[in-house]
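Undergrad: One letter stands for each residue in the lines below.
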Amino acid sequence: MTKKLLQGNEAIAEGALAAGLGFFAAYPITPASEIMQHLSAQEGTIGYVHAEDEIAAMNMVLGASLAGCKSMTASSGPGISLKQEAIGLGHMAEIPVVIVNVMRVGPSTGMPTLPSQGDIMQVKYGSHGDNYPIAFYPNSVEECYRYTIEAFNAAEDAECPVFLLCDGFIAHLYEAIDMVRIRTKSRKRARKPLGSTEARHFTGLLSKDQMPATKDTKRYREWHRKVKAKVSKAARSYQFYEYQENEKSNTLIISYGIVSRMTNELKDKYSLFRPIRIFPLLDKQLINACSKHKNIICVEMNDGQYAREVQALIKRDVVSLPILGGNITHAELVKGIDKILRSKKHGR
Amino acid sequence: MAADGYINFKRFPTPWCPGCSNGVVMKATAMAFEELGLSRSNIVVVSGIGCAGRTAGFFNTDSVHGLHGRAIPLAEGIKRANPSLHVVVMSGDGDLLGIGGNHLLHSSRRDTKITVICFDNEIYGLTGGQMSPSTPKGVKTLTSYYGSHYPPVNAKGIISANSRHFYARTTVAHFIHMKNCIKEALSWDGFSFVDVRSTCISNYGRRLGFKSPSEMLNKLKIDFKMQSDPLCLREKELGIEKKDGS
Chain A
741 MTKKLLQGNE
751 AIAEGALAAG
761 LGFFAAYPIT
771 PASEIMQHLS
781 AQEGTIGYVH
791 AEDEIAAMNM
801 VLGASLAGCK
811 SMTASSGPGI
821 SLKQEAIGLG
831 HMAEIPVVIV
841 NVMRVGPSTG
851 MPTLPSQGDI
861 MQVKYGSHGD
871 NYPIAFYPNS
881 VEECYRYTIE
891 AFNAAEDAEC
901 PVFLLCDGFI
911 AHLYEAIDMV
921 RIRTKSRKRA
931 RKPLGSTEAR
941 HFTGLLSKDQ
951 MPATKDTKRY
961 REWHRKVKAK
971 VSKAARSYQF
981 YEYQENEKSN
991 TLIISYGIVS
1001 RMTNELKDKY
1011 SLFRPIRIFP
1021 LLDKQLINAC
1031 SKHKNIICVE
1041 MNDGQYAREV
1051 QALIKRDVVS
1061 LPILGGNITH
1071 AELVKGIDKI
1081 LRSKKHGR
Chain B
-19 MAADGYINFK
-9 RFPTPWCPGC
1 SNGVVMKATA
11 MAFEELGLSR
21 SNIVVVSGIG
31 CAGRTAGFFN
41 TDSVHGLHGR
51 AIPLAEGIKR
61 ANPSLHVVVM
71 SGDGDLLGIG
81 GNHLLHSSRR
91 DTKITVICFD
101 NEIYGLTGGQ
111 MSPSTPKGVK
121 TLTSYYGSHY
131 PPVNAKGIIS
141 ANSRHFYART
151 TVAHFIHMKN
161 CIKEALSWDG
171 FSFVDVRSTC
181 ISNYGRRLGF
191 KSPSEMLNKL
201 KIDFKMQSDP
211 LCLREKELGI
221 EKKDGS
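Heads up: the protein sequence lines correspond to chains A and B, in order. For the first sequence, this note's numbering assigns the number 1088 to the last residue and increments by one with no breaks. For the second sequence, this note's numbering assigns the number 226 to the last residue and increments by one with no breaks.
Bound-form chain A, shown alone (with noise of 0.2 Å):
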């Protein structure tokens, strides 16, 4: 029997040490700070600092990188919204790290021990200039362990920031996981450490040929393209998600984190889809599985931010159930659905 008892927010962090993690950096917030209370007891075997504020968390996490650590920091909403900048210097600079954004009802301090799911979109275009991070949402706690560590692998295959999102109430869920029989593999860092003869030059400027810096646009076309392809190709290998037909449903839910597992109760109505891998968009399973339905309905903890977003992706309509942050209820989930399949324009 080697089950234990823990929280998702636990879960996290022992996912981390079981990528190997090196480095861990952060600044208290609730709901993500039993995080950096769980791996506070490492210091010593890791490289641990409760930083003081979440800027310098971040590009503390971007130094260790590049000195050879998998690293990681762990935030909600607002420390996001501070690290932004350091996450863009993590995409140009191409490093390595974890961030994980436990989510709470924004914005601003909104509602701080409630959950949500507000930051889909600051995930995905928080920081400035173009980027593609990817962004796994586990929904169990099992799930935060298992992804964690595939986190820490996607961002070692990419060189790039990778978000794992998670909301108040799944980062601080009590489940039974059994950590030993999750075996998922940890990735060997590829890029030498800081430290060698070869004078390598790290920067947040766009660079050419080991020079600091360029203004050459076609470098910077070129860059763009290397970097994005980069990013796609190993997000290929990370496509996680799950997709329950029924045959007798023409209406898909679609739904993640929390949200999925109160729509999992409805499995027997309709069909339901739920992204894992939630950025980059699993294109090609999503058109696949809205191709089969008539109805489309994105549930999520937000005013349809998925939504639009899957919307975009089918170029059919998508309709958004949101079920705004804070308590939520299974009653008024099922009454939302009913009343958008009532509606004129969608009907069973």
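Honestly, I wouldn't trust all of these hints.
Keeping only pairs whose Cα atoms sit at most 25 Å apart, straight-line, the calculated SDA-like set for lysine to any residue is [claimed, not checked]:
id, chain 1, residue 1, chain 2, residue 2
1, A, Lys743, A, Ile922
2, B, Lys163, A, Lys743
3, B, Lys7, A, Ala939
I should point out that these hints are in silico values taken from the structure, not numbers from a laboratory.
Model the placement of chain B on the given structure of chain A, informed by the hints.
TA: For chain B alone, kept in the frame of chain A given last:
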């Protein structure tokens, strides 16, 4: 030139204006590396943003050029991931004392073993000459039309507020002194800060009425005197104030 091996001449020219003193600090640092016998593969130079922020790329060592104000946390991450490296931050006054002031406060409190070399030219030179946190009171800049209303930041005060500290003040007009300060800072077992008073003729000095870079250098020689008390560094004095307490 001595210490050539530490400078990456392949990446020259630097983006600095004629008469700029940044290259002098770079040379003094390279010479300090050589005199201490540090191996190139054991040094990482980290910079923030600004004229001085471009220094990192011209060293013949691995280097990182990060974000505005965030050179110190970037360096701290590198140092904590690999404590055997000599991690040197080279950046400007606006970067280290302004936007990055919080990191200076806390990294020095944590006594992280990194060396910070601050190119303090009292101005934001790269962006054209805007007021910096170390611009003296009353000085007119592009963003202080009526003259700065505030006294300059007290870097020594920030550093020496910690029970254990190393603070050195030197200028680009005192080359040997500057090199020795950097050497001592690199040898210090803890957080060390070298405040190098430097010059910017193009976007600062000429607006103040200086005719040439050498006039600015001479002003530094007139303004600053050598330390009179080895334990305490007074205002307008050059030297080191350090304390090895707990």
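Undergrad: All hints are to be evaluated individually against the structure, with a verdict given for each.
TA: Do the hints match the structure? See the list:
1. A/Lys743 / A/Ile922: holds (11 Å)
2. B/Lys163 / A/Lys743: The hint is violated at about 55 Å.
3. B/Lys7 / A/Ala939: holds (17 Å)
Comparing the model with each earlier hint shows a violation of hint 2 alone; every other hint is respected.
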